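> Spelled out, the chains give:
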Amino acid sequence: MWDSLSLMTLKQLFSKYPYAMDFFSSLPNLQQSEECSVAQYFAAIEEDALQDLGIGRQELLDQFLLFMIQMEKLKEDKIKIQSITILGGNDKYGKSEEIELTIQAGEIVCIVGPTGSGKSRLLADIEWVAQEDTPTNRKILINGQLPDMKCRYSVEHKLVAQLSQNMNFIMDLTVDEFVSMHAESRMLENIEEIKSHIIAKANELAGEQFTPDTPITSLSGGQSRALMIADTAYLSSSPIVLIDEIENAGIDRQKALRLLIDKQKIVLMATHDPILALMGDKRIVIKNGGICRVIETSEKERENLVTLTRIDQKMLAIRELLRSGGQIDNILLDIQIT
Amino acid sequence: MQLITVAGPPSAGKTSVIIKIIEALQDEKLKVGVVKFDCLSTQDQILYQKKGIEAKIGLSGNICPDHFFVSNIQDCLAWAQKNKLDLLITESAGLCNRCSPHIRNVMAVCVIDNLSGVNTPRKVGPMLKLADIVIITKGDIVSQAEREVFAFRVKQANPSAMIVHVNGITGQGAREVGQMFKKSESVESLTDYHLRFSMPAATCSYCLGQTRIGQNFQMGNVRKMDLS
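Residue numbers (my numbering), protein chains in the order written: chain A, 681 to 1018; chain B, 541 to 768.
If you are wondering where the hints come from, they were derived from the structure by calculation, not from laboratory data. Values in this document were obtained by computation on a predicted structure and should not be read as measured data. Note that beta-carbon positions come from the ideal geometry of N, C-alpha and C, so glycine has one too. Where hints are given, some of them may not hold.
[Claimed, not checked] Stretches of chain B that chain A covers, calculated by requiring three or more beta carbons in the stretch to come under 8 angstroms of a beta carbon on chain A:
#: 1; stretch: 609-620
#: 2; stretch: 656-666
#: 3; stretch: 685-694
#: 4; stretch: 713-727
The shape of chain B in the complex, shown without the other chains:
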């Protein structure tokens, strides 16, 4: 079985792109499923199911989405194996631009859109910098020059990634990405695999439910700004 981790900022078009890619793979009789990781709520399960795609939803609630991902990914893989999927795609929103669900030796994809501005590739952390494939969306609504500048900036941020333009509405480019997915390495179990990058850490009093503001209520891993 193959596993692909897809991550990207909210509204970059991850779901649309994934659906188009899966449609192309379904044409080749492959059974593909999705696990969507989100925080508060998501309607994406309905979107996937409408297309006949097996989908599961995981809501992290008050847990850091990254931590939630890594503590569940193995079970997700087992779910996919039980359902005899050929390929499992995980989808997660990199909410703090630091979130990176990417695993070493597992194909990693970052989806980012042209409308997010040319400086965005610099601001996104390991989710973009450590991805194998960067999919750029919404190219049809910006000018050719902006597309070129944006792709250049992505290349600066992650010089080794393959950069592909995909249109989430027409599906242009999705078939080609599907071909790349098919070539990814097979994964049977994730035990002893490593994340590509460590998770953001906190463990401060607010992690434990503190709501009051003030010096006296701040404990643990607290970082202070330099306002001098």
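Extracted from the complex, chain A is given alone in its bound form:
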């Protein structure tokens, strides 16, 4: 690779590989113009400047090449993940789980069980692509096969995106800048298009509108969650999304989940919310650190989802009434609960 890069001028390099600018941005700004070749640039960096950077000349060159190779790799298409399979291990008492569960892309699987029962361990096993090398001795297969273990450490092959309850933004950026930054780190070309999809979708999920120039730190809780989910759906390279409960307030949860599965994500969700639990295709029941049952959501349960959604909407309406300064005198539960 060095042979082809070294003779290019910096200008040519930046126009062919725009991301290369990131590498040079932290290097000393040489007096030379961008017309000098890459090889000349590296040769001309002064010894003092290298000392200040904390790197040797050869190491810097090696890092540059490695950087270019790795960034090019990010652009390559990854193996599509159609399914993950959990091969059971054992619970805390050494009792065998005796389970083989395959989850397909576009499926929602809920995980239920009391606090401390081992839900997090299951999620961690999946994230780490356990190969009988975690306390549970579980084994995870990808597309029915042993996975390439580099997904454990590499940024570009990370399997799992995690949406936790406290999703704070700490960057001092507008929504537009924030999404651009994420898209750039994915080496995407149609950034503008994806950006407008994400912002439109987030607004649809949140109900309360925000604009691209809203600072992310001033988004409301619901707006932040909505933006986060839309961003994950469109921009995260991870095929699996772990959700640690989605709060009811300020976001259309059913739509949010549908967006993720439309994008062919595998959604794993720890929840005790009946609506979310019944939206799932399956429920994994955890006890004593082990999977004790897998329940497929039945037709009957799905029908109950309709009633539950109505109760939920009722609750939301009452909340809205409270928010707008109304009084809650009578709660008419006009819902047939059979």
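Put chain B on the given structure of chain A with help from the hints.
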């Protein structure tokens, strides 16, 4: 015996992460000790001892922390050998972001946190750029997108490192790092080993205790800013 050097900016969560990793290694009956290098004071010894971890503290005082590290590391190794440890972890705060206690052929770890801002990976020197493993902490309190952007920036700064997310509170990811530590090469003596990168140098009049300000009092290795 194995030696691991862990470094990272203050408050990145080094101690919490190390404790979680050691707890995971203790489950496998390994005897792990820590030497903490700090400048002025530290309460970390108590934290380690509470967990039954053998720990020693070294305070560099008015000496450059890096120089202090390298002049003591061999003795630390000898201390660990005397105490029959299986693994010794050194912990140091990279105070000027240039400090790099990393040694060639000794597993080197940099701990950095998501809250430090997306431009931080660019600003940190050899401590990050020459590490074998970069542990990113505090991922649970930022958004998924910020985690991804931050990890990407770390990868840009050190394309060859293994990047692992560890939660210093729940310990998520710590067990996995422990497995990587177990695979590090064994070290019996550090004589003839080399640092991965040279230390920051000064030897100016202020190193020798000068406190007065002014051209006449500046001697030795003095660097001037270009304010033109």
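> Decide, hint by hint, whether the structure agrees.
Hint by hint, here is what the structure shows:
no. : hint    : result
1   : 609-620 : violated (count 0)
2   : 656-666 : holds (count 6)
3   : 685-694 : holds (count 9)
4   : 713-727 : holds (count 4)
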